[in-house]
Each structure stands twice: as structure tokens, then as C-alpha cells.
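Protein chains: 4
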Amino acid sequence: MGSSFGDLFRISTFGESHGGGVGVIVEGCPPRLNLSVESIQAELDRRKPGQSHITTPRKEADQVQVLSGLLDGETTLGTPIAMVVRNKDQRPGDYKDMAVAFRPSHADATYQAKYGIQARSGGGRASARETIGRVAAGAIAKQLLKQAAGTEILAWVKRIHNIEASGIDPQRVQLSDVEANIVRCPESAVAERMVERIEAIGREGDSCGGVIECVVRHPAVGLGMPVFDKLEADLAKAVMSLPATKGFEIGSGFDGTLLKGSEHNDAFLPSDDGRLKTATNNSGGIQGGISNGEPIVIRVAFKPTATIRKEQQTIDSDGKATTLAGKGRHDPCVLPRAVPMVEAMVALVLADHLLRQQGQCSLW
Amino acid sequence: MGSSFGDLFRISTFGESHGGGVGVIVEGCPPRLNLSVESIQAELDRRKPGQSHITTPRKEADQVQVLSGLLDGETTLGTPIAMVVRNKDQRPGDYKDMAVAFRPSHADATYQAKYGIQARSGGGRASARETIGRVAAGAIAKQLLKQAAGTEILAWVKRIHNIEASGIDPQRVQLSDVEANIVRCPESAVAERMVERIEAIGREGDSCGGVIECVVRHPAVGLGMPVFDKLEADLAKAVMSLPATKGFEIGSGFDGTLLKGSEHNDAFLPSDDGRLKTATNNSGGIQGGISNGEPIVIRVAFKPTATIRKEQQTIDSDGKATTLAGKGRHDPCVLPRAVPMVEAMVALVLADHLLRQQGQCSLW
Amino acid sequence: MGSSFGDLFRISTFGESHGGGVGVIVEGCPPRLNLSVESIQAELDRRKPGQSHITTPRKEADQVQVLSGLLDGETTLGTPIAMVVRNKDQRPGDYKDMAVAFRPSHADATYQAKYGIQARSGGGRASARETIGRVAAGAIAKQLLKQAAGTEILAWVKRIHNIEASGIDPQRVQLSDVEANIVRCPESAVAERMVERIEAIGREGDSCGGVIECVVRHPAVGLGMPVFDKLEADLAKAVMSLPATKGFEIGSGFDGTLLKGSEHNDAFLPSDDGRLKTATNNSGGIQGGISNGEPIVIRVAFKPTATIRKEQQTIDSDGKATTLAGKGRHDPCVLPRAVPMVEAMVALVLADHLLRQQGQCSLW
Amino acid sequence: MGSSFGDLFRISTFGESHGGGVGVIVEGCPPRLNLSVESIQAELDRRKPGQSHITTPRKEADQVQVLSGLLDGETTLGTPIAMVVRNKDQRPGDYKDMAVAFRPSHADATYQAKYGIQARSGGGRASARETIGRVAAGAIAKQLLKQAAGTEILAWVKRIHNIEASGIDPQRVQLSDVEANIVRCPESAVAERMVERIEAIGREGDSCGGVIECVVRHPAVGLGMPVFDKLEADLAKAVMSLPATKGFEIGSGFDGTLLKGSEHNDAFLPSDDGRLKTATNNSGGIQGGISNGEPIVIRVAFKPTATIRKEQQTIDSDGKATTLAGKGRHDPCVLPRAVPMVEAMVALVLADHLLRQQGQCSLW
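If you're matching them up, the sequences are chains P, E, G and F in order. Using this note's numbering, read the first sequence as starting at 1 and increasing by one per residue. Using this note's numbering, read the second sequence as starting at 1 and increasing by one per residue. Using this note's numbering, read the third sequence as starting at 1 and increasing by one per residue. Using this note's numbering, read the fourth sequence as starting at 1 and increasing by one per residue.
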């Protein structure tokens with residue numbers, strides 16, 4: 001409860017930021033899938049700290065170890081796939097003050113209120129380190145979707161603070177465009193300005209947020225389980241469960257509410273192959289909670305990192321007023337590292353719904 | 001799968017727009033709750049069609065019948081509570097053309113693609129009629145939350161098309177303010193302009209959308225189950241499962257991404273009673289996925305109604321190009337009737353998490 | 001929680017023995033299944049009280065009404081199928097004393113202890129009346145299994161008190177053999193003695209139990225989800241959730257523990273069609289938690305009916321000693337009516353696992 | 001799906017018999033439980049191979065490592081507790097023939113039929129080695145039940161082949177009695193004969209089965225969730241998911257069907273403390289699916305070990321007739337090592353239902 005996600009393609013993550021390690025069990029993966037452990041590691045490398053000067057300087061190898069579920073390390077058995085990443089480079093000293101003073105807008109105070117206890121340092125389960133299990137599992141989901149349906153999932157940074165990339169075409173953008181720079185914005189001129197902004201804000205001891213966009217190209221048609229497990233509903237939950245998220249949009253999103261029905265509706269076009277085809281894609285690839293085969297497009301708002309070096313007002317665990325200045329090594333902006341996290345969560349939703357659709361609607 | 005929602009306080013809805021009826025089973029409701037069936041009916045009356053001239057003129061009594069789970073019609077037994085509303089006033093003729101031509105941005109085409117079959121008329125499960133079960137169940141959740149924790153849930157229309165109410169204080173607004181006008185916007189001067197806009201757009205045979213805001217006052221502290229069932233994640237899923245939703249925000253939302261961490265963080269204040277208290281509420285009442293006791297504030301984007309009287313390009317079920325003009329009796333704007341739906345979905349999430357928190361964290 | 005069963009083919013039952021009605025929602029049924037409502041009613045007729053002089057003389061028509069999920073009353077839409085049976089012929093007076101004195105070995109005392117409240121009469125959810133929803137849903141599962149895989153499910157009474165039928169061949173017995181007599185034992189000579197025994201014990205104001213056997217012929221191969229949702233584990237749970245059950249066996253069962261491995265093992269035989277074939281079937285059609293295609297054979301122990309006319313020692317709800325003699329119209333032996341219940345629960349397990357297998361293992 | 005068990009206190013196991021290791025994640029454990037890792041290891045030691053001359057001579061240390069969920073290695077955080085045991089002492093050579101010839105009454109053939117692939121050696125997930133995760137998780141459940149409700153769970157061998165212990169009093173038997181001999185039968189004279197029987201049958205290259213009995217003393221009252229998650233139904237599923245089980249009984253079990261209602265009913269006795277008390281315990285501590293506070297007593301049938309040294313008829317993976325004689329190091333009788341497995345599964349069910357009862361019925 002709470003640390004598991006999905007119904008048929010189901011993952012369970014474990015691990016605190018400091019302790020033996022973090023990891024995940026992937027349950028329900030179809031048997032006889034060719035699985036590349038290198039691809040899993042590659043996704044983890046996109047997520048890991050210390051990958052560039054605009055991320056936290058913490059150095060962690062984040063080497064994944066697959067404990068079960070594979071034959072010869074390359075073919076799924078249909079049994080649970082357990083993956084573990086050992087914790088390294090621990091400096092609990094960094095977090096000493098934090099154990100006493102509650103970090104504003106962080107999870108310290110609420111974990112204490114909920115559980116009456118909490119991990120002594122580093123954010124415990126609320127640390128971004130927890131997302132390792134998600135990214136590793138998401139890498140498997142991606143390979144499943146690719147092999148079963150030719151589906152591609154790609155995310156990128158669309159806005160940092162108030163610097164927005166407006167020329168990206170979700171139909172065409174490639175992984176190499178995204179990975180071409182350290183901020184993961186495929187519009188290179190804008191990316192440069194984003195990096196400068198992150199540097200500047202980081203120098204102030206402050207932080208910033210922004211917006212990540214994600215596209216699913218060639219999704220299977222018919223995914224989504226009305227009325228509660230509509231595809232957009234499960235996507236919303238998936239990304240809103242990532243740390244630091246504040247908003248979710250699909251297709252036309254909040255701006256779409258400014259249009260009239262006649263402007264917003266996506267006219268159906270005749271197609272040669274019987275697939276549904278629409279003139280516009282305000283629906284974002286999902287209608288009535290079910291994928292129609294057009295690209296699925298979502299956007300996710302990430303707030304500025306809560307932990308900053310600037311001194312802030314807060315209280316300590318006795319409820320007394322105090323001040324706090326973060327001493328840990330934190331990202332001034334989480335978005336570059338959050339790109340693979342968003343892709344992973346989207347992949348997990350799609351993989352789960354692929355199997356659910358297969359379960360209910362493929363008998364005849 | 002798909003028609004059930006919640007873990008411990010769990011609902012399952014059933015019913016097409018045309019057929020024997022629609023309804024819901026509520027499972028897991030605590031025993032010995034004083035339940036007012038009148039309050040359930042009152043919520044359904046806020047949702048029902050024909051309640052004002054800016055909603056669909058369809059007349060449906062939507063009278064709820066409670067089949068099980070109550071002693072003397074007023075106290076819960078702890079067993080499943082089944083509620084049914086019979087379908088009335090059916091005019092399947094209205095939908096005749098729609099069975100052939102797929103309505104743009106509606107669910108006809110995707111239901112057909114997914115299931116290979118669909119209800120012959122009226123939208124089937126994709127009809128807003130399905131939300132009757134949600135609203136009835138939400139009314140029970142509200143009473144549970146009120147009696148167990150003194151929690152209040154209130155939603156209202158914040159924006160219609162581009163007319164926005166900017167002076168509403170989520171801490172103070174009352175149900176009577178919301179119900180004071182037919183558009184359910186508590187700022188009366190703005191409400192008047194909203195009604196005029198809906199009338200004007202309706203006369204054009206077109207439709208419009210907007211934004212609903214919802215507050216939870218006096219939520220229990222500690223609700224939310226990291227890392228996947230964070231409270232905001234479950235809220236996002238809950239409201240994004242409502243028909244016509246395109247976006248979700250909590251607290252500072254998308255706008256919050258324009259702030260720096262030092263501006264966005266909510267400083268903790270010393271409090272007399274040991275409860276957490278923050279100087280600002282950019283977090284929207286949830287930190288680290290767990291409620292901190294401050295008001296929970298969310299916003300939901302609703303697109304313009306898909307079915308309009310204006311003629312539109314589309315295809316028929318054979319894939320041939322055709323045009324379609326909606327002849328049914330539809331809302332030119334769903335928001336006034338969606339207000340109780342949003343409250344219901346929020347109440348269901350809170351009730352479920354209250355029981356989940358009780359289950360895991362109240363033994364000692 | 002508690003009133004739902006299954007994962008993909010999932011049912012939720014509701015209703016007390018007295019009140020508005022009882023029923024069930026079936027979620028996840030594949031679309032485009034030809035469904036005969038008459039067949040559902042036929043199963044309910046096998047279950048209903050008053051069907052013969054050895055069952056309770058209560059007369060209830062138990063007429064099922066399908067509220068949703070069907071097109072033209074005969075084809076599934078893939079959406080939830082809700083079925084309701086109205087309660088009739090209520091004589092709450094019969095149960096007056098029982099509201100005060102706890103019936104020994106019945107659920108009165110434990111429901112009160114658990115919930116702190118209970119239905120005022122008739123056993124509430126603990127009544128056999130609750131099984132109506134199971135049998136109706138099971139009838140759908142049977143039709144699904146028949147159409148998808150040619151699977152047949154058949155149960156019968158194997159023992160009443162100490163009168164046992166020993167000549168039944170699970171491979172060959174037919175529904176007509178079972179329905180040939182009122183006790184539902186396909187060995188007619190033994191059946192006669194069983195009826196006499198039930199009559200005799202009933203005349204004493206007492207009751208008796210026995211054993212029901214059930215076979216699944218032509219099950220799909222590969223059903224069952226190790227390691228916890230092994231097919232026999234889910235079958236055990238399914239039938240042990242029926243009222244009055246005390247034991248479950250599969251294949252060789254308890255007697256099989258008296259054999260040595262060399263005697264108990266089922267040798268595999270070469271087969272022409274690639275299907276698995278075994279020389280014996282001590283496994284009862286399931287190996288390693290997975291169906292091997294051989295007939296699945298289980299047995300279920302039912303205790304003597306708890307409510308009897310004979311006076312018994314007990315306590316009242318204040319904890320004071322008292323005596324009680326049942327005045328309601330109860331079955332002296334539940335087994336004849338439990339036969340369709342066992343079939344229904346077995347069908348529900350198989351249908352669910354068929355979809356689960358389809359979901360995980362049919363992509364390529 | 002399939003490798004997870006429980007709703008609120010939920011475990012997910014992973015790992016093949018050969019590979020990186022086996023383990024479990026325990027989700028939903030209440031925070032602030034004092035947890036002894038030594039006690040977990042002690043339970044694993046009762047389960048491990050090589051513990052006596054009547055078990056398999058494989059030597060495995062089965063040393064548990066706790067990766068997450070604990071503060072200072074002794075207090076639960078309320079977050080997932082991950083535990084891993086590394087695989088050692090692998091001799092895949094032993095299983096070479098088995099990869100080709102299907103072992104009769106083992107899981108080789110059905111895993112192949114279901115998944116189209118299987119672990120190359122040692123039984124994969126079907127190996128008893130998988131139960132390590134269950135026993136480790138069960139040890140946590142035991143500590144939870146003890147601290148929260150004073151509950152004790154104890155199992156023992158009641159019968160081996162046809163040698164039965166008939167003088168054991170479930171109310172009084174102690175762990176030390178069970179652990180006093182290597183066969184884990186608390187009746188020492190009978191135990192001696194059981195050991196001799198196992199030795200004799202083992203010398204023949206054959207195997208034997210038997211019956212394990214288990215008692216829960218001082219269970220919380222009110223556990224169990226009618227109508228499907230009755231406590232006995234979940235217990236049945238729990239133990240029937242263990243390898244080699246063929247039957248389950250509660251209380252009077254199959255023999256109880258030979259009694260009349262007047263003989264079988266458990267008369268309620270007045271009690272001083274308001275707790276329910278019964279004159280007899282044919283119900284086995286559960287009535288209407290809910291614990292009444294009396295000891296819960298169950299029995300489980302285990303078949304003779306499938307893998308034997310004697311030559312047997314079978315087929316190979318091409319469907320051709322062949323013979324097979326087990327060469328691996330296997331237990332001639334699984335029961336001594338299965339005792340802690342039964343206790344673990346029972347503890348997991350009770351812990352889960354304790355939290356579920358707390359969740360629904362403890363708000364007021």
C-alpha cells in the first residue's frame with residue numbers, strides 16, 4: 001500500500017536515501033521479453049546525481065543489480081524481477097541540522113506527523129533517490145512497449161523558471177536532441193539560456209522549477225479503463241506521485257479551457273488503414289479515457305527545489321521557531337534529472353494498461 | 001477493474017446512460033455512522049440535469065434508492081451500501097445519428113476501438129450520467145469525514161471561458177455563497193457575467209469550458225501514502241477521471257514554477273497546539289505527499305463540451321467522411337453541474353486515506 | 001474490501017437477507033460475449049429456497065434483473081454488469097428472539113463484536129441469501145469459460161452425514177445426473193438414502209452436513225499465478241468463503257498424505273497433440289499451482305446447519321445465559337442448494353485466471 | 001500479481017532457487033514496532049535445509065539482510081522493509097536431466113506450458129527456496145501480532161505418513177515442545193516413530209507426506225472481512241499457496257460433517273469479562289468468517305515430496321516417453337521444515353486482518 005504501482009504490470013519500490021540500498025520488484029512482466037540490462041543502466045545514468053555541473057555534486061554510481069526473473073540475464077521468465085542499487089557516498093553529517101529543524105516545504109514535518117518517526121537523515125523515502133526503482137522498472141516497461149507495440153516515450157524540459165521553449169514538435173523530436181545538452185531541452189538556443197538561469201539562481205543559494213513535456217508516439221489503441229482508470233487519470237497519478245510536482249495537463253490542458261467547443265474538438269479524418277486519425281490533437285491522444293492512437297502529450301509542473309542554501313524561517317521538532325540553511329548537496333533545479341523519471345512513470349502506466357487491455361479484450 | 005475506486009473506502013459504479021439504471025456500491029464504510037439519505041439526495045440534486053436554464057433541459061428526478069448497508073435507513077452496518085437511480089425520460093431517438101457518425105472529441109470512436117461494441121445511444125458509460133454513483137458515494141464520504149474529523153469540502157467555479165473570479169478566499173467561502181447562483185461561482189458579480197457568456201455561446205450552438213477550484217478545510221493530518229499514493233497523486237487521478245477534464249493543479253500549481261525556492265517555500269510557524277502551521281500555503285496543504293493540516297487547495301480544467309449543435313467534420317463507423325450536428329439536449333458548459341462531482345471525488349480520496357492511515361498508524 | 005472477489009473478472013456483492021434486495025456487480029467481463037439471461041436465472045433457480053421438501057419452505061422467486069452492461073439484453077459491452085434480486089416474503093418476526101440471544105455457531109455474536117451493530121434480523125450478510133450474487137455472477141463466468149475455452153464445471157453431493165456415494169466418475173458425470181434428484185447426488189440409489197437421512201434428521205429438529213465434490217473438465221492449460229495465487233489456493237479461498245464450509249481438498253487431498261511419493265506421483269504420458277497427459281490424477285489437475293489440462297477435482301466439507309429447532313444453551317447480547325430454539329424456516333441440510341454455489345465460486349476463479357493468463361502471457 | 005499477498009500488511013516475494021538471491025518486501029507494517037532481526041533469522045533457521053539428517057543435506061546459511069524500513073536496525077519506519085537472502089551452494093549440475101525430462105507431479109511441465117520458458121534448474125519459483133521470503137515476512141507479522149494483541153502462533157507435525165499424534169492439546173503446547181525433536185512433533189514418543197519412518201522411506205529412495213496442525217492463541221476478536229475475505233477463507237488460501245499442500249481444514253473440518261447440528265454447535269457460555277466464550281470449539285475460533293477470540297485451529301495436508309530417487313515414467317520436453325530418477329538433494333519429507341512456513345502464512349493473514357479491522361472499525 002503506497003509503495004506499489006500498477007495492477008498487472010506492478011512495481012513495488014523500497015529503500016531510504018541512506019541505508020542498505022534502494023530498489024524495486026517488477027511483477028507481471030510478460031515472459032520471453034528480450035531485456036537489455038544495459039538499457040536499464042543507461043536510464044539510471046540519465047537520472048543519477050553528479051552527471052553535470054547543474055545537478056547536485058553528489059557522486060553515486062547507481063549500479064543496478066538484477067537478482068531474479070531473468071534467464072541468462074537477458075530473457076524474462078514471467079516471474080518477479082528484483083533490482084537493487086546499493087547506497088554509497090553517505091555523509092549523514094550533512095543532514096544533522098535537518099533532523100532537528102523541519103525543512104520548509106519538505107517532507108520532514110509531515111512524515112513525523114504521519115508515522116511518529118522518520119529516517120534520521122537525507123529525506124528517507126521522500127528523497128529523490130527513491131525514484132531509482134521507478135526509473136529501473138520504467139526501463140523494462142519501455143522495452144516491453146517497444147517490442148509489443150512499437151511505442152516510443154520521450155520527455156524533455158519545456159520551461160525552466162520563465163524561459164520557455166516554444167518550437168518543439170512532439171511528433172518529431174528525438175532522444176538525441178534531448179540528450180544534446182545537460183538541461184535536456186531539445187531547443188539548443190533556449191537550452192543555453194536555461195543553463196545560465198540555473199547557474200545564476202544556484203549561485204544565489206536559491207532554486208527554480210519549470211515544466212516537463214512528454215510524448216508517447218505509436219501508443220496501442222484502446223488503452224485505458226473507464227471510468228476511473230482512464231488513461232489520463234492514471235497518467236496524472238503517475239507523474240503527480242513524483243517528488244516536487246504541482247500540476248498535470250493533457251493535450252490542450254488549462255489553455256484549452258479558453259477555446260469554444262467548435263475550436264477545441266478534434267475532427268476525425270478518413271484514414272486508409274482503419275486507424276483513427278484526427279485533424280488536431282487537443283485531446284492529447286486520449287478520448288473518453290481511452291487512447292485513440294494519436295500521440296499522447298502531457299505536461300508536468302515541477303516546483304523549485306525545497307532545500308536551498310538561503311536561510312529560512314522554520315520550527316524545530318519541539319515546535320520552537322528557528323532558522324535553517326540547507327548544507328546538503330542539492331540540485332538547484334530538479335528538472336534535468338526528472339526527465340527520465342517522467343518517461344518512466346508514463347511507461348509504467350502504458351505497460352500496465354497494455355496488459356489490462358490484453359486481459360479483458362483479446363480473447364476473441 | 002476500471003469501474004472501482006479506492007482501497008479501503010471503495011466504490012464500484014455501474015450503469016449506462018440508457019438502460020435499467022445507474023448506481024454504486026460503497027464498500028468499507030465504517031459501521032455506526034449516522035447517515036442522512038436526504039443529504040445524499042441533496043448532492044444528487046446539485047448534479048442533476050434540468051436544474052437551471054444554463055444546463056441541459058433534460059428532466060430527470062434522479063431519485064436515489066438505498067438497497068443495503070443501513071439499519072433503519074440511518075445507521076451504517078459496515079456492510080456494502082448499494083444505491084440505485086433508475087433511468088427515466090429516455091429519448092434514444094436523439095442519438096440516432098451518433099450511433100453512425102463518431103462525435104468528435106467524444107468517446108464513441110475509442111469505445112468502439114477498445115471494446116468492439118458500444119451502447120447504442122447516449123454515451124453509455126462515457127455519459128455524465130455515470131457520475132451519479134460518484135456523487136452519491138461522495139455524499140457518504142463527506143458525512144464520514146465530517147463526523148470523524150470535522151472536515152469540510154467545498155468547490156466552486158473559478159473561471160468560465162476567459163471570465164475569472166479572482167477574489168475568492170478558500171479559507172472563508174461558504175456553501176451558501178456557491179449555491180447563491182446557478183453557475184456556482186461565489187463572486188456574484190462575476191457569476192452574472194459567466195451566466196451571460198454561457199447563454200451567448202449556447203445560442204451559437206457552441207460550448208465552453210473553464211476551471212473549478214476546490215478546498216478541503218480541516219483535513220486530518222497525516223493523510224497520504226508515499227511514495228505512489230501521495231495525497232495529491234490520488235486527488236489528481238480522482239478528478240482527472242471525471243469526464244471533460246484536461247488539467248490538475250495543487251497549491252501554487254503551474255504558476256508556482258515561476259517562483260524561486262525562497263519565494264515558494266512555506267515557512268513553518270510556531271503554534272500553540274502542536275499542529276503544523278505555515279506562513280503561506282503554496283504547498284496546497286500537502287507536503288511530501290502527506291496532508292499537513294492546512295487547507296488543501298486544487299484546481300481542475302474542464303474543456304468545452306464536445307457535443308455541440310454546430311456542424312462538424314467527422315467520420316462514420318465505416319471510416320467514411322461525413323458531418324455531424326448534435327441534436328441531443330446537452331449542457332453548453334459542464335462546470336456548474338461538475339462542482340458537486342469534484343467535491344465527491346475529493347471526498348472519496350480523503351475518506352479512503354483516512355481509513356488507510358487508521359489501518360497502518362493507529363495501533364499504538 | 002471483503003465483499004469483492006477476483007482481480008480482472010471481479011465481482012462485488014451487496015445486500016442483507018432483509019432489506020431492499022441483494023445483488024452483484026460483475027466487472028471486467030470481456031465484451032461481445034453472448035450472454036443468456038435465462039441461464040443466469042436457471043442457476044438461481046437451482047439455488048433458491050423452497051425448491052423441494054428437504055430445503056427451507058421459504059418461498060422466494062429470486063427473479064434476477066440485469067441493470068447494465070448488456071446490449072439488447074444478450075451481448076456484453078465490457079462494462080460492469082449489475083444484477084439485482086429484490087427481497088420478498090419477509091417475516092422478520094421469525095427472527096425476533098435471535099436479535100437478543102446469540103445463535104450458537106452462527107455469525108450473530110461475531111458480527112456484533114466486529115461491527116458493534118448488526119442487521120436486526122435474518123442473518124444480514126451472513127445469510128445464505130448473500131450467495132445469490134455469487135451464483136448470478138458465476139453463471140456469467142460459466143458462459144465465458146464455455147465460449148472461450150470449452151470448459152465445463154459440475155458439482156454434486158458426494159456425502160450427506162455418513163452416507164457416501166463412491167461410484168461417481170468425475171470424467172463422465174452429467175448435469176442431468178446431478179439434477180435427477182432433489183439432493184443432487186448423481187448416484188440415484190445413494191441419493192434416495194441421503195434424502196431419507198435428511199428427512200429423519202429434520203424431523204428431530206436437527207441438521208446435518210456432508211461433502212460436495214466438483215470437477216472442472218477441459219480447463220485451459222496454464223491457469224494459476226504462482227506463488228500466492230496458485231490455482232488451488234484461489235479455489236480454496238473461493239469455496240471456504242461460502243457459508244458453513246469447514247474444509248477443502250484438491251486431488252488426492254488428505255488421503256493422499258497416506259501414500260508414498262512413488263505411489264502419489266502422476267506419471268506423464270506421451271500424447272499426440274502436445275497436451276500434457278498424466279496416468280493418474282492425484283494432482284487434481286493442478287501442478288505447481290498451474291492447471292495442466294487434466295480435470296480439476298476438489299471436495300468441500302460443509303458443517304451441519306447451525307440453526308436448529310432443538311433447544312440450545314447460549315448467551316444473550318448482555319452476556320447472560322439463556323436458551324434458544326430456532327423458529328425460522330431453515331434448511332436441515334445446506335448441501336443440495338450449495339451445489340450451484342460451489343460451481344459458481346469455482347467458475348469465478350477460473351474466469352479470473354483465464355483473463356489474468358491472457359493479460360500476462362498472450363502478447364506473443 | 002501472483003507474487004504478492006495481503007492487502008494492508010502486504011508482502012511481495014522474488015527470486016528463483018538459483019540466481020542472485022531470494023527475498024521479500026513487506027509493505028504497510030505499522031511504524032514504531034520494535035523489531036528483532038535476530039528473531040527473523042531464528043525463523044529462517046527453523047526453515048533452512050541441512051538442519052537435520054531427515055532434511056535435504058544441502059547446506060545454506062540463509063543469512064537475512066535487511067535493506068530498508070528500519071531505524072537503527074530495530075524500529076520500523078512504516079516504510080517498506082526489504083529483506084534479501086543470497087543464494088549459495090549452487091550445483092546446477094544436479095538438475096541437468098530435469099531440464100529435459102519433466103519431473104512427475106512437479107512444476108516443470110506446467111511452468112513451461114504457462115510461460116513458454118522456465119528457469120534452467122532447481123525449480124525456479126516453484127522451489128521451496130521461495131518460502132524464505134514468506135518466513136522472513138511472517139516473522140515480522142508474528143512480532144506485530146504479539147506486541148499489538150498478545151497473539152501467539154504455533155504449528156507442529158500432527159501426522160507423518162500414517163503415524164499420528166493424538167494427544168496434543170492446542171491450548172497448551174509450547175514452542176519448546178515442538179522444537180524438542182527434529183520432526184517437530186510435540187508428542188515425543190510419536191516423534192521418534194515418525195523419524196524412523198522418514199528414515200526408512202528415505203532409504204528406499206521414496207518420500208512421504210502428512211498433516212501439520214496450527215493454533216493461534218489469543219487472536220484479536222473481530223478479525224475477518226465477510227463475505228469473501230472471511231478469516232478461514234484467507235487462511236485456506238494462505239496455506240494452500242505453500243508448495244505440496246493438498247488440503248485444508250478448520251476446527252472440526254471434514255470429520256465435523258459426520259456430526260449433527262446439535263452435536264456440532266458451540267454453546268456460548270457467560271463470561272466475566274464480556275469476551276465471547278464457547279463450551280466447545282468445533283468452529284475453530286471463527287464464526288461467520290470472523291474470529292471470536294477462541295483459539296483458531298487449522299490443519300494442512302502435505303503430499304509426499306514429488307522428487308524421489310526411484311525411477312519414474314515421464315516425458316521429455318519434446319513429448320517423448322522417458323524415465324527419470326531424481327539426483328538432487330531433496331527432503332524425503334517436507335513437513336519438519338514446513339512447520340515455520342505454515343506459522344508464517346497464518347501470521348501474515350492475521351496481521352493483515354488486524355490492520356484491515358483497525359482501518360474500518362476503530363474510528364469511534
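Simulated from the structure, these hints should not be mistaken for laboratory data. Please note that the accuracy of each hint is not assured.
Calculated lysine-lysine pairs in the DSS-like style (CA-CA distance at most 27 Å, straight line) [as the list claims (entries may be wrong)]:
id	chain 1	residue 1	chain 2	residue 2
1	E	277	P	320
2	E	310	P	260
3	F	260	G	320
4	E	310	P	327
5	E	59	P	327
6	G	277	F	320
7	F	327	G	260
8	G	277	F	277
9	P	88	F	59
10	E	88	P	277
11	E	260	P	59
12	P	320	P	310
13	G	59	F	327
14	E	260	P	260
15	G	260	F	310
16	P	277	E	310
17	P	310	P	327
18	F	277	G	327
19	G	320	G	277
20	G	260	F	277
21	P	320	E	260
22	G	327	F	260
23	E	320	P	260
24	F	277	G	320
25	F	260	G	310
26	F	59	G	260
27	F	327	F	59
28	F	327	G	310
29	P	310	E	260
30	E	59	P	277
31	G	277	F	59
32	E	88	G	310
33	E	327	P	260
34	P	310	E	277
Evaluated hints:
1. The hinted pair formed by residue 277 of chain E and residue 320 of chain P meets the criterion: a straight-line CA distance of about 12 Å does not exceed 27 Å.
2. At most 27 Å may separate the alpha-carbon atoms for a hinted pair to count; residue 310 of chain E and residue 260 of chain P meet this at roughly 11 Å.
3. Restraint check for residue 260 of chain F and residue 320 of chain G: satisfied, since their Cα atoms lie roughly 26 Å apart, inside the 27 Å limit.
4. Restraint check: the Cα-Cα separation between residue 310 of chain E and residue 327 of chain P comes to about 61 Å, which exceeds 27 Å; the hinted pair is violated.
5. Taking the CA atoms of residue 59 of chain E and residue 327 of chain P, the gap is near 63 Å; set against the 27 Å cutoff, the hint is violated.
6. About 12 Å separates the Cα atoms of residue 277 of chain G and residue 320 of chain F, which keeps this hinted pair within 27 Å; it holds.
7. Pair hint residue 327 of chain F plus residue 260 of chain G holds up; C-alpha atoms about 18 Å apart against a cutoff of 27 Å.
8. Distance hint between residue 277 of chain G and residue 277 of chain F is unfulfilled; the C-alpha atoms sit about 51 Å from each other, more than 27 Å.
9. Restraint check for residue 88 of chain P and residue 59 of chain F: not satisfied, since their Cα atoms lie roughly 32 Å apart, outside the 27 Å limit.
10. Of the supplied pair hints, the one linking residue 88 of chain E and residue 277 of chain P is violated, its CA atoms being roughly 36 Å apart against a limit of 27 Å.
11. For a cut-off of 27 Å, the pair hint linking residue 260 of chain E to residue 59 of chain P stands: about 26 Å separates their Cα positions.
12. Of the pairs offered as hints, the one joining residue 320 of chain P and residue 310 of chain P holds, with about 20 Å between alpha carbons and a cut-off of 27 Å not exceeded.
13. Between residue 59 of chain G and residue 327 of chain F, the direct Cα distance comes to roughly 63 Å. Violation of the 27 Å bound is thereby established for this hinted pair.
14. Of the pairs offered as hints, the one joining residue 260 of chain E and residue 260 of chain P is violated, with about 35 Å between alpha carbons and a cut-off of 27 Å exceeded.
15. For the suggested pair residue 260 of chain G and residue 310 of chain F, the alpha carbons sit about 11 Å apart, so the restraint of at most 27 Å is met.
16. Restraint check for residue 277 of chain P and residue 310 of chain E: the C-alpha separation of about 21 Å stays at or below 27 Å, so the hint holds.
17. Between residue 310 of chain P and residue 327 of chain P the CA atoms are separated by roughly 10 Å; this keeps the pair inside 27 Å, and the hint holds.
18. For a cut-off of 27 Å, the pair hint linking residue 277 of chain F to residue 327 of chain G stands: about 24 Å separates their Cα positions.
19. Distance hint between residue 320 of chain G and residue 277 of chain G is unfulfilled; the C-alpha atoms sit about 61 Å from each other, more than 27 Å.
20. Pair hint residue 260 of chain G plus residue 277 of chain F does not hold up; C-alpha atoms about 42 Å apart against a cutoff of 27 Å.
21. Only pairs whose Cα atoms come within 27 Å are accepted, and residue 320 of chain P paired with residue 260 of chain E is accepted, the gap being roughly 26 Å.
22. Under the criterion of a C-alpha separation no larger than 27 Å, the hint pairing residue 327 of chain G with residue 260 of chain F is consistent with the structure, at around 18 Å.
23. In summary, the hint linking residue 320 of chain E to residue 260 of chain P is supported, as the alpha carbons are separated by about 26 Å, within the 27 Å threshold.
24. Restraint check for residue 277 of chain F and residue 320 of chain G: the C-alpha separation of about 12 Å stays at or below 27 Å, so the hint holds.
25. Among the hinted pairs, residue 260 of chain F with residue 310 of chain G is consistent with the structure: their alpha-carbon atoms are about 11 Å apart, no more than 27 Å.
26. Under the criterion of a C-alpha separation no larger than 27 Å, the hint pairing residue 59 of chain F with residue 260 of chain G is consistent with the structure, at around 26 Å.
27. For the suggested pair residue 327 of chain F and residue 59 of chain F, the alpha carbons sit about 16 Å apart, so the restraint of at most 27 Å is met.
28. Simply put, residue 327 of chain F and residue 310 of chain G have alpha-carbon atoms about 61 Å apart, too far for the 27 Å limit, and the pair is violated.
29. At roughly 11 Å between alpha-carbon atoms, residue 310 of chain P and residue 260 of chain E fall within 27 Å of each other, so this suggested pair holds.
30. Note on residue 59 of chain E and residue 277 of chain P: the hinted pairing is violated, with a Cα-Cα distance of about 36 Å set against a maximum of 27 Å.
31. A threshold of 27 Å between alpha carbons decides the hint, and for residue 277 of chain G with residue 59 of chain F the separation of about 36 Å lies outside it, so the pair is violated.
32. Annotation: proposed proximity of residue 88 of chain E to residue 310 of chain G is violated, straight-line Cα distance about 51 Å (limit 27 Å).
33. Simply put, residue 327 of chain E and residue 260 of chain P have alpha-carbon atoms about 18 Å apart, close enough for the 27 Å limit, and the pair holds.
34. For the suggested pair residue 310 of chain P and residue 277 of chain E, the alpha carbons sit about 21 Å apart, so the restraint of at most 27 Å is met.
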